[in-house]
Each structure stands twice: as structure tokens, then as C-alpha cells.
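Visitor: Okay, here's what each chain looks like letter by letter:
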Amino acid sequence: MSQFSLQRTSAALLVCASLTFGIAAFGQGTSEPASQWWGPGEEHVIGEQLEFANEYGRLRLINTGDPINTAGHPFFEPLGENGRACVTCHQPSDAMSLSVNTIRAQWDATDGNDPLFAAIDGSNCPSLPQGEEASHSLLLEKGLFRIPRPWPPRAADGTVIEPEFDLEVISDPTGCNLDAEYGMFSDDPAISVFRRPRPVANMKYLLTLPNGVTPHEYFMYNDKSLLPTDPETGEFVSVQLMSDGRLPTLRGQAGDASSTHLEMIADLTEDELRQIEEFERAIYAAQGYSNRAGELGGPGTPPGLGPEAMRDGPPGELGNNPVNRVFGTFSMWLHQRGNGEELDPQEDFQASVARGADVFFDKRFFIQDVGVYNDKGLGNPFKRSCASGCHNTVLAGMDLAPGFMDLGLNNWPWNKRDDLPLFKATCHDDAVPQSYLGRVIYTHDPGRALVTGKCSDIGASMTQQMRGLAARAPYFMGGEADTLREMVDFYDRRFNIRYTEQEKQDLVNFMSVL
Amino acid sequence: MRFRTFAPVLAFGALAGAVPASAQEYLNFVACPVAQDTGERSDVCFFVRHEGVRYGVSSPPDWGNPQLGHKLLVEGSVSDEGRECGGVEIEGRASVLPELSPECDEIAPATPEILALELGRRPGITEDERAMILADPSSSLQIRRLRALPVPEVALGRTETIYFPFERDRASGPDAMVMLELARLAEATPGAEIAVRAFQGATLLDNGQVLAEREDMARQRGEKIVGILEGLGAPEGSIDLEVVSDFAPPTGKADWQGRRAELRVSAPR
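So the sequences go chain by chain: A and B. If you're matching positions, the first sequence starts at 1 in the numbering used here and goes up one per residue. If you're matching positions, the second sequence starts at 1 in the numbering used here and goes up one per residue.
Simulated from the structure, these hints should not be mistaken for lab results. All residues carry an ideal CB built from backbone N, CA and C; glycine is no exception. Careful: at least some of the hints might be erroneous.
In silico contact screen, one side only, chain A against chain B (beta carbon under 8 Å); selected entries [claimed, not checked]:
#1 GLY212
#2 SER225
#3 PRO322
#4 ARG325
#5 GLN368
#6 GLY377
Here are some chain B residues the structure puts well away from chain A; computed CB gaps all over 12 Å [stated by the list, open to error]:
#7 ARG49
#8 HIS50
#9 THR111
#10 GLY157
#11 THR161
#12 THR189
#13 LEU204
#14 LEU205
#15 SER245
#16 PRO249
Partner residues are not named here, just some residues of chain A that face chain B (Cβ under 10 Å, in silico) [what the hints assert, rightly or not]:
#17 VAL213
#18 LYS224
#19 GLY300
#20 PRO302
#21 PRO303
#22 VAL323
#23 SER331
#24 LYS363
#25 ASN374
#26 ASN380
#27 ARG384
#28 GLY438
The whole structure should be built from the sequences, with the hints applied where relevant.
Guide: Listed below in C-alpha cells is the structure:
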């Protein structure tokens with residue numbers, strides 16, 4: 001029996017699915033279920049849809065464009081010097097991100113020789129001995145890639161931005177920030193931070209300017225400065241791409257990824273850029289089947305589930321209203337039987353998911369001391385729920401009003417990590433201080449401040465979409481939460497929410513079907 | 001989370017009996033804001049205690065709500081009968097001071113008296129909406145937008161004024177709408193000239209102290225506005241910025257009006 005159980009899918013889907021991921025599953029010509037890994041340069045056909053097994057069920061991807069043969073396609077071809085392709089870090093099985101399980105399996109399967117582990121950013125620092133596991137510990141344990149950022153920050157046109165703060169390396173477990181060749185004092189001074197790949201799917205939700213919240217299709221919510229513009233068209237762009245918004249367009253992002261992650265020397269051609277962007281805009285991903293709740297999407301199931309909902313849904317809309325509730329209604333799963341009648345295990349799980357959706361939407365807590373958030377006019381504290389506080393974009397769950405925030409994941413005191421570099425940022429006296437941490441901030445990743453140079457932005461990052469979570473642990477920009485449960489526990493601790501055990505489990509179950 | 005119980009003397013009933021400043025009397029003071037919990041399903045509101053009186057504080061929408069961790073500068077006059085957040089309403093402005101004040105950390109729990117005021121409630125789902133979703137679950141995904149902010153009317157030769165919180169250059173959403181409309185007007189007017197005058201201010205506090213803004217606030221505000229107008233399409237070279245760094249001596253009466261920018265689009269002379 002293959003790891004893909006298809007008995008519940010329609011005949012039409014079966015044909016299509018076996019055509020597509022059949023290759024991935026049995027590419028080696030054995031009857032053993034092989035890994036779901038798509039290597040650069042491999043041939044796969046992406047028809048209308050793909051399914052991949054994960055811990056909670058199956059992820060489904062939909063391609064709204066023409067069928068794609070990955071052989072020869074620039075997203076899937078190793079275009080650079082290190083043998084990687086975009087797909088190396090944006091795997092279809094992992095909701096177009098990359099789970100740490102996949103990374104681990106790939107290390108074991110190749111003895112660490114896969115281009116995934118390329119020295120440049122697949123190791124803690126390129127100067128470390130590359131054959132050793134320890135040199136790749138952040139990738140192997142937390143799924144983190146090294147992101148070197150110029151210090152002082154530079155604008156898109158290369159001009160230096162005078163930062164409002166000084167940075168000091170307090171601890172450097174990777175060695176890279178004080179490294180003679182790659183560090184802060186090298187000829188090409190850089191700060192190395194470590195971040196998770198973000199899913200490259202459901203892009204219309206990230207790229208569409210917010211509707212119905214005028215003037216925020218022109219202005220950032222935070223400080224009411226203008227949104228950035230697309231350098232090619234001059235149009236305003238949302239800042240939902242990347243954790244720090246440094247590259248606001250898919251083309252800019254692809255160009256940067258090709259030279260950094262792929263170590264490509266030449267520029268991507270116009271045609272390659274077009275193909276990459278077309279593919280990225282055509283692909284939708286969400287959990288399609290839950291081992292415990294059954295089919296996700298389709299008649300009788302909550303209308304916001306499955307990738308079809310993502311494909312058909314309206315991008316750039318606010319969902320924190322009592323009708324829409326961000327992901328639509330789950331009420332059909334809440335009371336499936338009369339009082340006293342026993343639920344079967346599937347109904348029981350579905351009811352838990354529906355309760356989780358309610359906790360997500362209804363349970364308020366004090367959102368307090370979140371930099372670049374509570375200080376943007378909302379007040380400190382702001383008493384809201386997960387959905388009404390931040391995760392309000394219909395079907396996708398990012399914060400619609402474009403803005404960055406410091407949840408406490410990057411900065412002390414809320415999160416202290418031994419495995420990441422620690423910087424001490426000292427803001428200049430004339431700078432506006434970070435609203436809740438002041439002028440001396442200990443941070444593992446200055447985040448947005450590495451783009452703007454602003455003291456008040458230290459540690460701030462962009463919310464992520466919430467789809468396909470089951471396929472892409474660990475979570476958060478620095479991989480803080482290994483599991484969905486740890487993610488819930490982080491919020492519970494950070495905001496002193498005091499979720500009950502049942503509420504926590506319901507939230508986990510809810511997120512596992514998104 | 002810092003969660004402190006109310007000291008008995010400050011209980012709601014006792015406060016209601018204290019004597020507030022009388023109507024039209026100006027109040028200018030700095031105090032820690034207190035966040036008032038209003039119940040499980042409603043928003044917090046904010047109040048300050050000043051000379052034994054509880055004053056509710058609210059500012060125009062999106063202007064900047066009070067923040068724990070920071071002191072609040074309150075500038076206003078007592079309104080005749082209005083109540084706000086279980087306290088006396090103040091008409092004017094409240095500004096969050098930028099420097100940290102960790103001692104401002106009080107969240108007042110929702111007492112029965114507060115719950116009875118039904119503060120911070122938002123509309124829930126209606127029975128009709130519930131029935132609609134029951135009949136067709138996919139209707140729960142329909143688009144629901146907030147009521148749009150009114151589009152301000154702007155005119156050639158007329159001055160629009162934007163007021164700022166103390167030591168901030170962040171305009172509110174409605175102010176941003178004004179800038180949008182002014183940029184559109186300038187774009188649509190061949191040869192338009194835009195005059196921006198940016199000011200900074202100072203406040204005379206009730207205790208006699210003068211609280212003056214940082215030196216470069218006027219410039220900071222002006223340059224930000226110019227950047228925004230240009231980014232929104234105001235023709236290059238059409239903007240004349242005047243930075244007014246001297247401030248009029250504060251009087252204690254609506255001093256917040258000193259922290260402003262004046263914007264005017266004119267047809268070519």
C-alpha cells in the first residue's frame with residue numbers, strides 16, 4: 001500500500017493524481033514508497049493537482065495554469081553553481097516550503113551531500129567544515145537557512161541607510177557574524193540571521209493590495225508612511241512577501257534567490273522570470289485530506305478548507321467579521337448529533353476542529369507590548385482574538401493591513417535561544433525607541449530593522465499565511481515551534497491566555513486541517 | 001501580563017463621587033493610562049486618574065490609543081455631561097509619550113459596574129445571517145468590508161490641517177485620506193503648487209511646566225508629508241515646504257493645535 005490513500009478521491013482525480021505524483025512516489029522503479037522529494041532537474045508533470053502525504057493527512061496542490069513539465073522549467077532546474085533549484089527549498093510535498101523532516105530525510109539519504117546543504121546558506125557558516133552534521137545544525141534541527149544581510153543596511157538602489165542603532169554581537173554560536181570572511185567586520189560586512197523558507201503558494205493573497213481598508217492600499221498601517229512600489233511598474237505593492245518585506249515583488253524575489261540561494265552568476269532571463277512568476281501565481285496549496293476529519297473541501301465540509309477554496313476565494317479581503325470569521329463557517333461540524341448521542345471518532349475530531357475555529361475567532365486575550373503593533377494606534381493592550389487581532393485575511397490568515405510586528409519571537413525577553421546568534425542593539429539617543437523594549441534590545445534577528453535601519457523596527461517581521469501548516473513544521477520565522485502544539489503554547493505563554501487543555505487541542509486540530 | 005487589582009479607594013463608585021474639573025476648564029497633565037477590561041467579549045478602554053478624578057480618554061479614530069508602558073499627555077477640556085470609559089469625558093487630545101514608563105502597567109478588571117456600562121461591544125452575527133449560513137455555508141465566505149472612511153472634500157486654495165500626537169509624525173487614517181485627495185487634486189491641476197507648512201508645539205501643563213517637542217519634529221513632519229504627496233503622484237517640484245520650528249508660547253488652551261501641518265494646493269498664479 002502506498003502512503004497515499006486514495007479511496008476517497010474521485011475517479012477523475014485518481015487518474016490525474018497518479019499521473020502526477022506517481023512519478024514522485026515510485027521514481028526509482030521499486031515498489032517501496034520512496035521519499036516525496038523533488039530533486040532539481042527531475043522530471044515531474046504537474047497537471048491540475050497533486051497530493052502528498054503528511055503526518056496529519058494529505059496536502060493538496062492545485063495548478064490553475066497549463067500543465068507543467070518540471071524538466072526544463074526554471075523553478076525546478078538547477079540554474080546556479082551549487083546544483084540547487086528553487087524547488088530544493090520550496091517542495092510541493094511541504095506546501096511549497098520545506099519541513100525539517102524532509103531536510104533530515106534528505107541528509108540521511110545523501111549523507112549530507114544534497115545541494116540543499118550547500119555551504120553558502122545551508123550551513124551555519126560557509127567557513128565551517130561542511131561534511132559534519134554540526135555545521136548544519138540550524139538547518140537539520142530547525143529548518144533554518146542563513147540569510148546574510150548587509151550591515152549597515154542598503155536600500156534597493158545600493159545606497160547606504162544610516163541605521164539608528166549600533167549592533168554588537170553578544171554570542172555567535174554559528175561563528176558567522178564574527179567570521180573574517182562573512183561577518184560584521186569582513187570586507188563585505190554582513191549580519192547573518194537564520195530564517196525558515198516561506199510557502200510559495202496561494203500567492204494572490206499575499207500580492208493583492210488590501211481591499212476595503214482605505215487608505216491602506218497606499219499606506220502602511222504602522223507609521224502611515226507609503227507602501228513600497230514595484231520598481232518596474234511604479235504601482236504600490238503589498239509588503240506581505242518575505243519576513244522583512246525587503247523584496248516586495250515576485251520578480252525581484254526570484255532574481256535575488258537565484259543569485260543568493262542558487263549561487264547563479266548570470267541574471268535570470270526575462271523568459272525564466274516570467275515562467276517562475278506564472279508558476280508561483282498558478283499554484284494553490286492547502287491540506288486536502290485529514291486522517292481524522294476525512295475529506296477537506298467539497299459538499300458538507302467547511303467551505304474554507306482545501307486548495308479549491310484558496311483558488312476560488314477573494315484575495316485581499318478582511319475576514320474578521322462575525323459572518324466570515326476568516327476561514328468561513330465550521331458550524332456543520334459542531335453539532336452533528338442530538339444530545340446524548342455518541343459521536344463517531346471522525347465526528348468527534350470534526351467537532352474539535354470546529355471548536356478550534358471558534359477559539360481562534362472568539363477567544364480574546366490581551367495583546368500587549370507587541371512592538372510596531374500595539375503602538376500603531378490600536379492601544380496597549382489591545383484585546384482581541386487570534387483572528388480579530390492579527391490573522392484576519394480571508395482564507396489565508398495573514399494580517400491584512402500591511403504592517404510588521406515584533407511578537408516577541410526575535411527579541412528578548414520573550415524568546416531566548418541558545419542556538420541562534422544574539423545581538424545587542426543600542427539605539428541612538430535621538431531615535432524613537434522601540435515602543436516596549438526601549439533603546440537597548442537583545443535580539444536574535446533584527447528583522448525589518450535590517451531593511452529600514454529604524455530602532456522601532458527591531459525584531460519586527462511580517463505575518464505568514466496559515467495554509468498547509470500540516471506539511472511544513474517547524475513554525476515561525478526562526479523555527480521556534482517544532483509542532484503546532486508548541487506554536488499554541490508560545491502564544492499562551494506570551495500573552496498569558498490560559499487556554500484550557502481542550503482549547504489547545506482544538507486549536508491544534510483546527511490548524512492541522514488548514 | 002501585569003494584572004493588578006483595583007485599590008479599594010479607586011473603586012468605580014468612589015470615583016463617580018469625586019469632583020471633576022468643571023466644564024470648559026482646561027486640563028493639561030501627564031499621567032499613566034489605565035486599561036479598563038470591559039468583559040470577555042469586548043474591547044478595552046482607557047482612563048487616567050488625575051487629582052482623584054477618573055477621566056476617560058479617547059482620541060479621534062486611528063489617532064493613537066493610550067499604551068501601557070508609556071505615559072499619556074492629556075490636553076483638553078471637560079465636556080459637559082459625556083461619560084467615557086466609566087469616567088468623565090475630556091474633549092481634546094491624548095498623546096502617548098515616546099519614552100518608556102514601565103510603571104504604567106495597570107489593567108483594571110471588569111467589575112460588575114463596568115460590565116453594566118456595556119462598553120466596547122461590537123455587533124455580533126444577526127439571526128438572518130445565521131440562517132443564511134445555515135442554508136448555504138459557502139455564503140460565510142462572502143466579502144464583507146468595513147464601512148469606508150468618508151472621502152474628504154478638498155478644494156484649490158483651501159488649507160487643510162493635520163494634527164499630530166506629541167513627538168510623532170504619524171498621521172491618522174482620515175488624515176491620510178486628506179493627503180490622498182490633495183495629491184489627486186494636484187495631479188489633476190496643471191501647474192498646481194502645493195504649500196506645506198509644518199509646525200511643532202509645546203504644552204503648558206497644569207503644574208506650570210512646559211513640555212516642548214523635540215527640536216526637529218517640524219522638519220520631520222514636513223519631510224514625511226512631502227514624501228507622501230510625491231509618492232502619491234504630486235508633480236515633482238510642485239511642493240514648497242516651510243518648516244516652522246519656533247513655537248508660539250503655550251497657553252494651556254488647546255496647545256495640541258500647535259502640533260500640526262497645513263497643506264494647500266493652489267492653481268498656478
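Visitor: It remains to establish, for every hint, whether it holds in the given structure.
Guide: Hint-by-hint comparison with the structure:
{"no.": "1", "hint": "GLY212", "verdict": "holds (3 Å)"}
{"no.": "2", "hint": "SER225", "verdict": "holds (7 Å)"}
{"no.": "3", "hint": "PRO322", "verdict": "holds (4 Å)"}
{"no.": "4", "hint": "ARG325", "verdict": "holds (7 Å)"}
{"no.": "5", "hint": "GLN368", "verdict": "holds (6 Å)"}
{"no.": "6", "hint": "GLY377", "verdict": "holds (5 Å)"}
{"no.": "7", "hint": "ARG49", "verdict": "holds (18 Å)"}
{"no.": "8", "hint": "HIS50", "verdict": "holds (19 Å)"}
{"no.": "9", "hint": "THR111", "verdict": "holds (16 Å)"}
{"no.": "10", "hint": "GLY157", "verdict": "holds (24 Å)"}
{"no.": "11", "hint": "THR161", "verdict": "holds (16 Å)"}
{"no.": "12", "hint": "THR189", "verdict": "holds (20 Å)"}
{"no.": "13", "hint": "LEU204", "verdict": "holds (24 Å)"}
{"no.": "14", "hint": "LEU205", "verdict": "holds (22 Å)"}
{"no.": "15", "hint": "SER245", "verdict": "holds (15 Å)"}
{"no.": "16", "hint": "PRO249", "verdict": "holds (25 Å)"}
{"no.": "17", "hint": "VAL213", "verdict": "holds (6 Å)"}
{"no.": "18", "hint": "LYS224", "verdict": "holds (5 Å)"}
{"no.": "19", "hint": "GLY300", "verdict": "holds (9 Å)"}
{"no.": "20", "hint": "PRO302", "verdict": "holds (7 Å)"}
{"no.": "21", "hint": "PRO303", "verdict": "holds (4 Å)"}
{"no.": "22", "hint": "VAL323", "verdict": "holds (5 Å)"}
{"no.": "23", "hint": "SER331", "verdict": "holds (7 Å)"}
{"no.": "24", "hint": "LYS363", "verdict": "holds (9 Å)"}
{"no.": "25", "hint": "ASN374", "verdict": "holds (6 Å)"}
{"no.": "26", "hint": "ASN380", "verdict": "holds (4 Å)"}
{"no.": "27", "hint": "ARG384", "verdict": "holds (8 Å)"}
{"no.": "28", "hint": "GLY438", "verdict": "holds (5 Å)"}
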